[in-house]
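Colleague: Residues per chain are reported as follows:
Number of protein chains: 2
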Amino acid sequence: MNIAIIGLGIIGGSFCKAFKKHTDHHIIGINRTQSVANQALLEGAIDEIGTADSLGKADVVFLCMYPQACVDFIKENGKKIKKGAIVTDSSGIKRAICPQLKELSLEHGFVFVGSHPMAGKEKNGFEVSEAELYEGASFIITPCGAEQKYVDTLSELALSIGFGQIKLSTPEEHDRMIAFTSQLPHVLACSYVMSPSCPNHKGFSAGSYRDVSRVANINSKLWSELFLENREPLIEELDILLQNIGKIVDAVKQNDRDKLANLLEEGHKVKQLLGE
Amino acid sequence: MNIAIIGLGIIGGSFCKAFKKHTDHHIIGINRTQSVANQALLEGAIDEIGTADSLGKADVVFLCMYPQACVDFIKENGKKIKKGAIVTDSSGIKRAICPQLKELSLEHGFVFVGSHPMAGKEKNGFEVSEAELYEGASFIITPCGAEQKYVDTLSELALSIGFGQIKLSTPEEHDRMIAFTSQLPHVLACSYVMSPSCPNHKGFSAGSYRDVSRVANINSKLWSELFLENREPLIEELDILLQNIGKIVDAVKQNDRDKLANLLEEGHKVKQLLGE
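Chain order of the listed sequences is A and B. Numbering of the first sequence is given in the working numbering, commencing with residue 924 and proceeding in unit increments. Numbering of the second sequence is given in the working numbering, commencing with residue 924 and proceeding in unit increments.
Any given hint could turn out to be false.
Identical copies look the same in the list; a pair holds intra-copy or inter-copy alike.
[What the hints assert, rightly or not] Cut-off 27 Å, straight-line C-alpha distance, at most; resulting in silico cross-link-like pairs (DSSO-like, lysine-lysine):
no., residue 1, residue 2
1, Lys-1125, Lys-1044
2, Lys-980, Lys-1170
3, Lys-1192, Lys-1072
4, Lys-1125, Lys-1046
5, Lys-980, Lys-1072
6, Lys-1176, Lys-1090
7, Lys-1182, Lys-1006
Please keep in mind that the hints were generated in silico from the structure rather than gathered at the bench.
Produce the entire structure from the sequences given, and follow the hints as far as they go.
Modeller: Here you go:
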């Protein structure tokens, strides 16, 4: 198959490298900044540098840009996509862009299937992309009404390049869960390192500090967009979290050992039950 | 030297194993539950099972119990300790117990030097202790007025069994920094996993979820004690954190992209500057 990857950052770049490592598909890389596309070609991460005009020969298109940029790209270039081709995004939010992409797919005769590869790093750009980024990770698919055979094709592609599991979901469920599993930790990490104590942590810190603060090394432009496009679920999860922190704060302020131990035990039990 | 380790849980057990791995010191293990001491002897983690009466021949004593239990143990057995021996604790809080242990040291003629090995796991007990637990970790020492030569002896012992650095501190500074580096992440982890979304995380989660939730697998009895014995600094850090989360929540609620991006960028810059 001819596979076009639009946007050669960490996500798109890793798709290219994983496809080249695991499959024989012909990989067309399309990127705004040409030096990056040249680098990708030089490294053998792609077979060909493409332009929007290359979309006519792609059987599958991966949009690997910021969420709204994916929509804008398709608005501009949707007519160039081959009829019946599968187009998927890789956005960390779904309600805000899937309906628009679905509509554009009907207009232009391609098949839209939403997806979100659950992997990343604290760094961005093609230079930190790697063939192993998706190894064992979850590949979330939001079919958005696409026929099963297209969902199957995309699932098989994902599994063929190292993903460990396929998770089917709706844009609504996806966004709510991502608010919890991904967005909340990013809010926490940034809030955490803002403490005046943070710069003095060395010598006083170990794994707990490292783990909570890790994702503070955030791409603030991307994550502002992700947060604001997912405001309602994120606010709901934040309110729940603040409430739960508040319960612990109250128990500490009241010096209530039993209440505090019970709250911590609640957390302990959830975590123990889930195993991970 | 004869080194007595009191309390063969993960901390004490790991001290035993690290001393046996790296040094020729004679290790005396003292533990309330005899089966654990037997197991330690059987595994070669200690050279001898001791009782409080063995304290008379120990040159260095490591107290590896819950904070208040360390004080209680010395109140009961301080008179059995050899004159001039070094006694150290391994408690995660310092203001609440160092002054008492210092006083007992003057009363009984031993030398108290506070310490806190910055390592641990989400599991407890001798069975998860290991010789490598302290590899590269920070060993915090609160001298509490002890002569430099005793601080040096303890530092050398720590470095000899794998610790990567010695951090000298006061009980006050220690407790404030630990509230931030260690206690706050534990509060966050427990609060985080209490969300009704948590049990459904599988397939939607990756590194961020794993890292923030890791220490929720908490020993609720130990950590309630640690939190309450360190109430003021912990409450201060919690208030700062809630304030900073609040700023982000406000920006999200107000749909204010610039404000939100600036806040995230603040976190990003702190983390980037610190490097870790």
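Colleague: For each hint, tell me whether it holds in the structure or not.
Modeller: Against the structure, the hints:
no., hint, result
1, Lys-1125 to Lys-1044, "both (23 Å within a copy, 19 Å between copies)"
2, Lys-980 to Lys-1170, "neither (57 Å within a copy, 48 Å between copies)"
3, Lys-1192 to Lys-1072, "neither (41 Å within a copy, 46 Å between copies)"
4, Lys-1125 to Lys-1046, "both (22 Å within a copy, 24 Å between copies)"
5, Lys-980 to Lys-1072, "within (20 Å within a copy, 77 Å between copies)"
6, Lys-1176 to Lys-1090, "neither (42 Å within a copy, 30 Å between copies)"
7, Lys-1182 to Lys-1006, "neither (62 Å within a copy, 42 Å between copies)"
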